[in-house]
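Asker: Read off the chains here:
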Amino acid sequence: MTVPLYHVLVLAAILFALGLACVIAWRANVIMMLIGIEIMLNAVMLTFVGGSAQWGIADGQLFSLMLMALTSAEVSLALAMVVYLHRRKQSVNTDDFNSMNG
Amino acid sequence: MSTYLALMLLLPLFGGSLSALCGRNLPRRLVEIWVCAAVWGSFVCAWLTAVAYRAPVKVALGSWLAAFDLKAPLSLYLDPLSLSLVLMITFVCGLIHVYAVFYMAGEADYARFFALLNLFVFAMLTLVLAENLPLLYLGWEGVGFCSYLLIGFWYTDQKNADAGRKAFITTRIGDTALVIALAWLFQLFGTFSITELNGMAFLVPGGVITAIGLLMLVGAMGKSAQIPLMVWLPDAMAGPTPVSAMIHAATMVTAGVYLLARMFPLIGGSATVTAAIAVTGCLTAFYGATCAVAQRDLKRVLAFSTISQIGYMMLGVGAGAITAATFHLLVHAFFKALLFLGAGCVITAMHHEQDIYKMGGLRRTLPVTFWCYLAGTACLAGLPFTGGFFSKDSILGAVWLKGGMLYGGLYLLALVTALLTAFYSFRMVYLVFFGGNGHVHQTAQLKPMQAVLIPLAVFGLLGGLLNLPDYLGGGLLDHFFAPLRQGKAAEASHLQEVALQAVAGVIALAGLWAAHLRYGGAARAERLMEAKRDSSPLLAFLFNAWYFDALYRTLFIRPYQAFAAVLWQKVDEGVIDDSLDRLSGAVGTTGSWLGRWTTGHVSLYIFSFAAGGALILGYLAWLAL
Amino acid sequence: MIENVVFYILAGVTVTGTICAITARQAVRAIVYLVTSFFALALIFYLLGAPLVAAFEVIIYAGAIMVLFLFVIMMLELARPEKLPGPRLADWWPALLLMLATAGSVVLLASVRQPLPQAGFHGISVREFSQALFQRYGVAVELISMQLLFALVGALFLGRRR
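Each protein sequence line maps, in turn, to chains A, B and C.
1038 is the number of the first residue of the first sequence in our numbering; add one for each residue after it.
4 is the number of the first residue of the second sequence in our numbering; add one for each residue after it.
103 is the number of the first residue of the third sequence in our numbering; add one for each residue after it.
Honestly, I wouldn't trust all of these hints.
[Said to hold, decoys possible] Below, a sample of chain C positions facing chain B; criterion: calculated Cβ distance under 10 Å: (1) E105; (2) V108; (3) P196; (4) A197; (5) L200.
[What the hints assert, rightly or not] Here are the computed distance ranges between Cβ atoms for each label pair: (6) G225/C to R1124/A: 46 to 56 Å; (7) A192/C to L618/B: 46 to 56 Å; (8) L198/C to P1041/A: 40 to 50 Å; (9) A157/C to D1133/A: 35 to 45 Å.
The hints are simulated quantities; they were obtained by calculation from the structure and are not laboratory data.
We put the CB at the ideal spot given by N, CA and C, even for glycine.
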């Protein structure tokens, strides 16, 4: 498996950019924003694994694992909040929740 | 000698300081006695100095300014000029102090008044005795300062405060010219000492001497109220009468003449300067006389008369006759102080009425005042054989003997002025003392006030003895001043002297006769009637002092005020204040505009977040390129 | 050799799946596309010598997290047929711009560094991985477990019945 690290990084960059595009384009919708964040996190995990493969150190993969655990915790909380907000305002439009301003 | 001089200066200084610092807490009599004693003590010291005087001497009292090259020690110079002036100043001021005690008996703020009077004497003595120019300038500024405070003594009345300010600002113009001359002299010669400077005239080109001389002339113009800086003196009559007598008749206004006389060896070499001095003096003399003819206020007549007589002294200096000018200075001090003090008696008696058209008949009710006043007027007019006659004539003679077209013309103008002088002085006497009922308001102070007038009258009348012309035995002052004379003033033959004196005497008598015709006897009532009606344009012109005030207002004051208004409203408020206001407004506006970023919408925040991150990454990538 | 080709194919699948996920108009479709993408990604992980991470990617990510998403979407009963108000063009162009900026910067930064040593591929075995995890990163494991506890408590709190 002799794919140069550079190509792996390019792929990760593209995925990260796509995740960012999703967040920006769908920034009016909470759920799609969360999906964009997931994509970005995956791109990061890819970077770590690529690095670990390049130098043969396990730390990269380990951190990927941590990321995954972190993501699951975060997603559960985020979605709980989405449910809660939906109960309050019957909407998943982010711009409806703007009372923290001024 | 140095002890006497030091005491002479320090006594009035201490007197003034005492009165200023604790005069209010001490008993009034004590303060009054103390200040009068201070000035009379100075007189005693001056007398002792005169007795011990042998030759011009420099007395060093201590060190004052000393930095690198600049040395101005406290040194005094005693020579005939300063000695004679010192004697006159202390004597006249001593008499006036006594007078002022009674004149100001009703004034509550006596401590300030007497403090200023004493400080004035100290400053004037410093001015006259100074051996170096900074010390002279110290005295110069001191007298100006005391004059300002004394003119505006009753400062709660706006007019008085304005008059004081006007005096100060006008003389300040002259002072500036004097300072420029001082600095220039130091830059040229490296020394401030008058004795040294007076010997160095030949070292610099004539143009420089002319320029310095003209600058000093401007300084003298301001202090001595000559054209064009004479506008302050008539208004300065707003001060108390003793102040007018002391400062604006006998001493301060003569400081300009003294300066020019003192520096004459330095600046007299330039014909332009002497001509300028003479022309200034003569024009001013004429101006003063014409204005005095039309005045209604008693003190204003005397003020214009002072302007005119100082003009004569300047004319004498300009003709190179220092002795004659000093002679007239001394005699004028006596009779002008006498006239002012007499006017003070009259004003007090008339319950502070100052319009001469409302007075009359005081000859019978104030006899002492009348006879002394008459003596003073005779001296002023130059009636034959009074002190004023000899002194004025010696100036006229010197101008005649100088020769040339310019001086010939000045001589004629001076003669016309003499005629006018006699006319207005007797007009004053006729209107105030003759005719009508002499209803006066007798107060307890009048007696001692009138008593002070007597010695002054005596000195005025007998002042001629100081310097009799050659055909009568030679002048004391001439001999006394012999060491001062630079180059021989032209000597006149006895016949010429008698002829000149005859001319002057005739002119004076003609003026007296004209005044008698117009204001004496029956004609007086007619004049009073006329005075109630509107005056002719010529009279209005003279009454308003040739409209110089209006001229200066249009030429200088209005533009200055407009300029100041522009600077105030447009520049200070518009540019400086408003720019700061606008800056702060802009900052505020920017802040609130930026504040619109906090909408509370998560979408905007996420977008900003991502944009910021992209910016940073882009910057890093750009750096790495 | 063939692994390189597979890698590139899988990379293409990942990217395509992600693009379709982004531009889907219905949330459920987006999720499913994303699952496809994650599967491909997991295979890439395996190719990069990280079998454990690949397995976890499938189990946890595609299997738990995405399912959770589906749960919530269903539960919220968004307006039939669960269509989301799609983004307009005004929303897309800043996205594209930022995407280009970010991706471009990263690629640029990566490329101007010193050339990396040639692809040394070292696969990490499960044994090696576990040893590293529990020996050197033992504390991290504890922390992760606490973190999951926090998330649990938080979710319970947020979801409690009033």
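Asker: Compare the structure with each hint and give your call.
Answerer: Comparing the hints with the structure gives:
1. Checking E105/C against chain B: minimum C-beta separation of about 31 Å lies over 10 Å; hint violated.
2. For V108/C, the shortest C-beta to C-beta distance to chain B is roughly 31 Å, which exceeds 10 Å, and the interface hint is violated.
3. Annotation: interface hint on P196/C holds; nearest CB of chain B at approximately 7 Å, less than 10 Å.
4. About 9 Å separates the beta-carbon of A197/C from the nearest beta-carbon of chain B, less than 10 Å, and the hint is met.
5. Of the supplied interface hints, the one on L200/C holds, with its beta-carbon coming within about 5 Å of a beta-carbon of chain B, less than 10 Å.
6. Between G225/C and R1124/A the CB atoms are about 48 Å apart, so this pair conforms to the stated range of 46 to 56 Å.
7. For the hinted restraint 46 to 56 Å between A192/C and L618/B, the CB-CB distance of approximately 21 Å leaves it violated.
8. About 28 Å separates the C-beta atoms of L198/C and P1041/A, a value inconsistent with the hinted range of 40 to 50 Å.
9. Checked against the hint of 35 to 45 Å, the pair A157/C and D1133/A passes, with Cβ atoms roughly 40 Å apart.
In summary, the numbered hints that this structure violates are 1, 2, 7 and 8.
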